[in-house]
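Novice: In order, the protein sequence lines correspond to chains A and B. At position 214 of the first sequence the residue is numbered 214 (my numbering), and the sequence of numbers has no breaks. At position 227 of the second sequence the residue is numbered 10227 (my numbering), and the sequence of numbers has no breaks.
One or more hints might be untrue.
[Claimed, not checked] Derived DMTMM-like pairs: lysine to aspartate or glutamate, alpha-carbon spacing no greater than 25 Å straight-line:
id, chain 1, residue 1, chain 2, residue 2
1, B, Lys-10759, B, Glu-10281
2, A, Lys-231, A, Asp-266
3, A, Lys-573, B, Asp-10749
4, A, Lys-170, B, Glu-10121
5, B, Lys-10539, A, Glu-24
6, A, Lys-38, B, Glu-10281
7, A, Lys-38, B, Asp-10780
8, B, Lys-10688, A, Asp-44
9, B, Lys-10688, A, Asp-186
10, B, Lys-10688, A, Glu-147
11, B, Lys-10539, B, Asp-10643
12, B, Lys-10688, A, Glu-28
13, B, Lys-10539, A, Glu-28
14, B, Lys-10596, B, Glu-10631
15, A, Lys-573, B, Glu-10757
16, A, Lys-541, B, Glu-10281
17, A, Lys-573, B, Asp-10859
18, B, Lys-10927, B, Asp-11018
19, B, Lys-10794, A, Asp-568
20, B, Lys-10088, B, Asp-10780
21, B, Lys-10688, A, Asp-175
22, B, Lys-10528, B, Asp-10643
23, B, Lys-10688, A, Asp-568
24, B, Lys-10539, A, Asp-44
25, B, Lys-10135, B, Glu-10179
26, B, Lys-10701, A, Glu-24
These are calculated hints, taken from the structure and not from any lab test. The structure displayed is predicted, hence computed values, not measured ones.
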Amino acid sequence: MKKNNLKAGLLFGILLVFGNSCKEEFLEVTPNGALDAKVLATKDGVDALLIGAYAMVDGVASNGFGWEAASSNWVYGSIRGLEANKGTDSGDQPDINPLQQYNEDPTNPYINIKWRSVYDGIARCNSALTVLAEAEASGAVTTAEAESFRKQARTLRGYYHLEAYRMWTKIPYVDENTDQSTLTNDDDIIAKVIADLQEGTSLPNNMGQVGRFNGTVAKVLLAKAQMQMNKDYAAAKTLLEDVIASGTAPDGSPIGLEPKFGDVFDAANRNGIEAIYTVQYSVNDGSGGWNAGWGEVLNFPYKSGGSPGGCCGFFQPAHEFVNSFRTSGGLPLLDFSYNSQPVKDDQGLGVADPFTEDTGPLDPRLDWTVGRRGVPYLDWGPHTGQDWIRDQSYAGPYSPMKQVYKKSQEGQLTEVGNWTSGWTANGYRLIRFADVKLLLAECMIETGDLSGARDEVNDIRNRAANSAGFVKEADGTTNAANYVINPYPASGAPFDTQTNARAALYMERKLELGMEGHRYFDLQRWGIVQTELNRVLAYEKTLRSTLYGSATVGPEDVNFPIPQDQIDITVGKLKQNR
Amino acid sequence: MNMKKVYNNLKRSMLLLVWLASSHSLFAQERVVSGSVKDENGNGMPGVNVIIKGTSTGTATDASGQYRVNVADGQAIVVFSFIGYVTKEMAIGTQSTLDVQMDLDVQTLTELVVTGYATQEKKDLTGAVGTVKTKDLIAIPSGTVTSQLQGRIAGVTVAGDGRPGQAAKVRIRGFGSFENNDPLYIVDGVPTQDISTIVSNDIESMSVLKDAGAASIYGSRASNGVVLITTKRGTSSGVKVNYDMYVGTQDPGKGPDFLLNAQEMADTQWLVYDNDATPTETHPFYGLSSNPNPTLPPWAGDTDWYKTITRSALIMNHDLSLSGGNDKSKFYGGFNYFNQEGIVVTNFSKRFSGRFNSEFKVHDRVRLGENLTITGRTGKGVEGNQTEGSPVSNVYAIQPIIPSIITIPVNGISHNFVPGEYGGTGIAPRAGNGANPLAELNRNADDRASDLRLIGSVFMDIKIVDALSFKTTFGGTYQTEYNTDWTGSTYERSENVATPSYNENARFRQDWVWTNTLTFSKTFGSSKLNAVAGYEAVKYGIGREMSATGAGYFSDAVSFRTLNNRASIQSVSGDYFTPTSLVSTFLRADYSYSDKYLLSATVRRDGSSRFGADFRYGVFPSVSAGWRISEESFLSGVDVISDLKIKGSYGTMGNQLALSPQNQFFLFGGAVGDSNYDLNGAGSSALKGFRPTRIGNPDAKWETNTTINIGFDAGILDNKFQLSFDWYTKNTNDLLYNPRIPGTNGAADQPFINVAEMKNTGIDLQLGYKQVFSSDLRFDASFVMTTYKNEILKIAEGLPFFDSGTSRIGPFNRNIVGQSMSEFFGYQVEGLFQSSAEVTGAPTQAGAEAGFFRYANIDNSNNVIDPNDRTSIGNPNPKFTYGLNLGVTYKNFDITTFFYGSQGNDIFNYNKWWLDFWPSFQNQKSKDLLNSWTPTNTGSTTPKASNKSNFSTNTQSVSYYVEDGSFMRLKNLQIGYTMPKSLISKIGLSTARIYAQGINLFTITKYSGLDPDVNNGDDRNFGVDQGNYPLVKQYILGVNIGF
């Protein structure tokens, strides 16, 4: 009995030790909670990867890309273009300070995040294309479906590369066949970007969904690329004329000028007639704000209660920018003499201190672009001055406006239940009709059609001059300020010489598209970054000395340095661009 | 194996037992000797072996230390023995009563040490193994064993954490990995990464395996060191009940003494106006800036925020243990209740724990047993530590002018305040963005984090023959957690939360291990051999989690807080963890020859699911040897040296903690917030999208950590002095690291590859001194010192460094080849510019002006201060850490003191960024600004008070923030009184001791912040003080009672 027990015990032990030792399958695990490429090589899978690639159009994603990378370019286009300063207080997001003082160094984290965001967009396009090739080879998608996917992915990839080009100029081009281990930024990549965008121009206009890129979007992007990278205004002109003549929004709906200027920026109109491509933001969709206007979430007045958002007082319009809305005879002062008759502001005044508003003639677009004391701010009531501003002594008296939602939209078109209400569905108008018309006007000027340019510019001015679209006082009828605006005369200056016409166009883009992230890149295209910004800076420094210090714009400031981080990680394969 | 032989052996031993049991009847002439055995404190000692010398007759003392033994005529000597005590031999003579006092074995050479899959006598150890006594652990009142380890074992560095219930960070001999340097803990055979649910009073032994000689039997998980814990078993001598309790109070102290008050803040604003030549304005609080002096508004408070959010907090612990058994079974039951309030209001941690250990001899050769702890915890944490927005950080953030509670009506910017409401930054513009921490704490007071965790094992031990036994153990852990987090709407802030939201999250984790070992143990003449062969299968990281946040609640009531009652879903997320499996075989052999020559070898072969099929298995061998020179004849005449052993080891270990379980796979996925897009333009929903989430590396292989250890153990002057010294060097090759990939690859997780190399060298030193002056007066001292020098040898091909950490101004820590982990990196401040002439003459530096930082031009290749001029500006790694324990026993009184210190480490005081710079948010500032640089106060080291934020002020990592973080702290001062036995035995007690204790009574440091013990946190960016929850003074009264 005892003997048997013991024997059994020993056998059991031997079994335990040796019977179990070669279970290879025990060491095979399945990665949980994720998919591999095989599963995605279907029509729906490729489309989902493409949706993932579209998801980077706003520049922002919860895997590491915040407002630093916003495609609305409020930092790189507007602040860098001196339409606005950082705003808020001196020490918040201090990495913007050197960008607005033109003394940023390559270690600045903002430009690195922007870089990574743009190239993550490209990587997503490339992974969609790679999986698409598998799906196509296996017959899981039809040739026609594959063509649409491929064109969308390549247009997107072109868009991201164009964004990178505007930021850094000397950039690497990455497609699905790129060998990353030898990638440099030495090559001329322009033709490749153009080719990607060209591919998209044969997409249909009606893509069925407003968030996809269609033929119209691709044509505008290609035109912008031709202007920005190639100075090929003739090619761009053809594309833009085509867009104006027969373009549509991606869902096939018609495009044109919104009758009232202010309505362009209404969150409810985000996909309105003016929108050629709006970056689609969505609120209360379970993303905790990441799919809402995360990129612009800082850019609301600072007064919590009675003003929109709740945070953080960034992106305050500059004095020089505001002054340029001064009109004389309903026309802007193209000689910059507006700075000698500046718009009156409440700088230095407490909320209780008496203040009289400016009474001089102003372009009505000012009060849809800039919040200033005493003037109604959408449906939020009049801007009350110092208490809407985080640190007026640092950043001045003005508030941003174009991305702001209406009081009546709070909770419907804004994210609920967070430290701010500033996550909105008010998608950034990446391409709007007025922009296209002004780009066309620019092409016309550069190709010698000055009167055609004047017509385009005047279309824009006439829309702005629609008095039904002026900001009104609480009574609904009285204009909130002394708005005087007229179209340019049918003959004579400024559309008499190319030089004069350029000055008018440059000003018109500032007034029409101000605070929309274009200015710095416009100056870059026009080749006047240094002269124009130093001129503005000279004025701005007299008022905002703490903010700008001894800043000057040097010849290297026509773009941004390649992030040092990327140079380090690539062990020097990427070269600094300056 | 010959079964017949086994059977014969068994029969023989059975016969012996029968013979022994009946032996007393064989001797006619015998008498009874009885008595009591007491320990060094005069308390009865249970379980002491009492044997008549030269016979097998014997017994053990009972629970109160009494024994009775039959003694035959002619038997003259009784031998008393107990582990850890000097064996005593007493002549009986004609006495019938023989009382004995046992002395602690200062030599402790017979001390048994638990090592990998074996138990060894300390004198036979050839690897580097540190041990700590349970008594020393529980000397520090804390809910976690890890924080009690600080300063107790040479080679073990522990960074404290002041939050109740928070585990401290334990590092053994520096850092072997960039990713995870947590040691492997083995509790009663069960591997785990978390011992926070283990009650220290239940611990029987704790060994730290430090070198390859000791640890490489744990193969691929050993390179961060292995901590072996065994819990208490019963004794076979009747039932014993112990009750230990303490209760105390924690004193938050005065808090920071370097903050400006309301008036000083106002004066500093005026100074800033002057320094910046700011145009006249109406300041929202202080009136017109052209006024000669600021005036405080009528609502102004002068709040001491530290005082507002802290309290004297309770700490209380109860341990009840029952142990006992007989020759067939043993049991131990331990029950613990621990309750620690935080010094921050509403913060607490409570723990209930039950331990159930038992062991049964079901057959003469078969033992069955189990170990189990069930621990339930619940608590209210603080929102992060060392992070912006935590209560302690908010003390440094919110201005003193803001009343914590409103006393007079104020029309603020965000709200019209009435008395009784919380004050906050919404009271006026420029009040900053600091939250009223009191309001926050009270709103969140009902948040709970709770968990239930089981850790345990069952085993069977079969003695096949006397020399060979087989043991199989199956064990594991299971843990469920449930947390709730309410974010109430606010009215008092400049940045208000408009709508409340509520998060619930839950997860479970489990793992299991199955270990089988064959142990062979035999003595052949002068040779002694112990060998263990084993097989082990492990699966860990099994689990799931989910989290959901609802927004918009009709009512704030706690009872209304369910996810159902939300207005909208803010986020829903979940995860299904990818587990890891391991299959291992191992072998160890310990050989000694005449107690002089010791040789030990171990080898383990591990297979892991974390590697691709081609690189799945790794082999980790080690060899170690020792020579007890003191046993040699040539030292026999040297009386000074009572014991001397030199030892050395060489071997390899691995680490797979760094690696993601998914490392080998290329994967796609994506969350709502990173890959979904609203293609339809709905505005309130987004379509599902995917993105590449992981780039796989099927070719990752084991990293190899090669360790050499050389040391000696010595006993001097009758072992009064004990010295243990180890020198080690630890090299990790093929270190698994996931170097960041270029942005052009996209943002998928980068794979771990075998690229890096790291080296650690150091010394572990342990000194002991013990002196018995008389039976009334004893003294003992021990000193433990730990040093490590960590050096990064390689990060990745061509990559000389990587940065780590986040702050408002970027990372402060740079891990650089040729330097230690986590060193501080930035611009070296040479001083302050004294004049604009100096600025003009200096290298070009953005933002430079008189009164701002002047940085060193390290890179002389140009005359510009640029990123190439940055350098290492401090090192958070201490030169050494030490613990000093002193104990005196006089009659019934005992006094113990314990000092812990860290020397030569720097702290990056990030709080100074908030406090010393006006533009670092319009928040609380420091008294340093009162003496800041002005044209007439040129000697100051604090830059000019200015609202300018630029390269020369507050946007860079600079040496200004770096301070010497060395400190020495009196961690424990304890005075105890043991009741005289004569007194307590009347009420049925066997022991009774009361004590009073002071914890952290003083700290000697030059560091200006609240608490210099800030090294908790990520190994790649530690040493930064971002508002650390401080360790504070505690005053404790305690009782130990035994029945």
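Novice: Starting from the hint list further up, note which numbers the structure goes against and sort them upward.
Specialist: 1, 2, 4, 6, 7, 9, 11, 12, 18, 23, 24 and 25
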